[in-house]
Amino acid sequence: MNAADTAWILTSTALVLLMTLPGLALFYGGLVRSQNILSVLMHCMAIACLASILWLAVGYTLAFSEGSAWLGGLQKAFLAGVGRDTVFEGTTLPESVFFSFQMTFAVITPALMVGAFVERIKFSAVLIISALWLLVVYAPVTHWVWGGGWLAERGVMDFAGGIVVHVTAGASAAAIAVMLGARSGFPKTVQPPHAPWMVMVGASLLWVGWFGFNAGSALGANGDAGMALLVTHMSAATASLVWVVIEWIKFGKPSLVGMVTGTIAGLATITPASGFVGPMGGVFLGFAGGVICYVAVDLVKHRMKIDDSLDVLAVHGVGGALGTLLVPFLVGLPGGAGLGETSVASQFSVQLLGVGSVLVWSIIATIIIVMITKAVVGLRVSDEAELEGLDSSSHGESGYRL
Amino acid sequence: MKYIVAIIQPHRLDPVREALSEIGVSGLTVTEVKGYGRQKGHTEIYRGAEYAVHYLPKVKLEIAVSTEQSERVIEVLSNEARTGNIGDGKIFVLPMESAQRIRTGETGNEAL
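First to last, the sequence lines map onto chains A and B. The first sequence begins at 1 in the working numbering and counts up one residue at a time. The second sequence begins at 403 in the working numbering and counts up one residue at a time.
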């Protein structure tokens, strides 16, 4: 056990929870219409609580205890056998700290998918989908990549969750959006974001929290953590500027919502690469993430007409996949970790296998989860309830009393 | 007596208020409102998608004045609220039957 490492991961745990509560909640909350603000905050809050309990019960053990190449065992259900001084194998951290740090990832990943189903989904469906998804998609994929599973054995590089967090959430979000159907009026008469300032506050909290997400994924207070923080910041800054310049040229005005969407695209894109690349790798990934995610938003929403309402697939899924695929090409730049014995081509094929297999598994499993949920409680609120807004119709509260 | 209702651009409210008090208008009521006229709202762009914003924010003034004062008030309103751009608003003038100051019970022009 090492005090410095432990202190940094304790801090990172708090930072990553801050990403969901209230970072992501505000980021998403500002993007919906004013009659749905509380429902979005509710979704994030409820998922955070539910995922935490499920993580303790079985999520953690399925992801991180010894088992098969596909799934961990059940020996650490409810943290059985983990004492105050148990050190997590392969780290210098108390297992309580490693568990908690990973729990905050298990919280934010299903919460990211909220962006796909806002303004029309039943609250009960949110709970069931999120719970099943955590156990069927998140825990196994985490085991594959970080828990010694089959992708880890092949040497896949995913420092902080490009595959584990962003590809899973992005692909599943799109599947949910398609099965749930678009918001009424999409795409012609959907209401604009009700509070762009709130989107910026949320994005900023996400940015700060992401230092814990990426630099914390070094699992120690060391040079990897330091460089991960630096490249994370540079990617976010670059992608923000890239996005706003594209909008400025295309529409004549640089918008705040555009700029902070770029921020999140840059953060998602650097995530899998954060511990492996140097400063210029970070800038390059930010540039690539800004451009590609911008194109992806247009493609998914305006050409494919999928109402992935807050662009989870286009920003998180595409960003995470892009970063994962570009890692092998950038680790050789100054400040990067290098590939060691492996060639760029063979590492790229492993990265491609990782992204592809997780994409397919996420979509198939999510389709089944959504079908089960539909059969049990239904998916959508009534048209009247949707029109009235979920704050009032689902929760009996109102966000703004004027 | 006349009851004047004016819908104006929010940013013209302060100049209008100053000019009205200069000509002796002693009170007015202001409401933040939304609406559209020939301008038919405008569009905003978020993440590359255009959203039609049908109702634009305006300010509604309600002013009760004597018949003699009304022409001057309309002139001041018209001059001070005008920017020359689309969306400057409108002035409506209604005849007013009576007025009463609640505190004292005064009626007619005395109550304005």
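Since the hints were made in silico from the structure, they are not lab data. Mixed in with the good hints there might be a few duds.
[To be verified] Going by beta-carbon spacing under 7 Å, a handful of chain A positions derived as facing chain B:
{"hint": "1", "residue": "192"}
{"hint": "2", "residue": "193"}
{"hint": "3", "residue": "249"}
{"hint": "4", "residue": "251"}
{"hint": "5", "residue": "261"}
{"hint": "6", "residue": "297"}
{"hint": "7", "residue": "298"}
For glycine and all other residues, C-beta sits at the position ideal for the given N, C-alpha and C.
>> Hint compliance check: list the failing hint numbers for this structure, sorted ascending.
In response: 3
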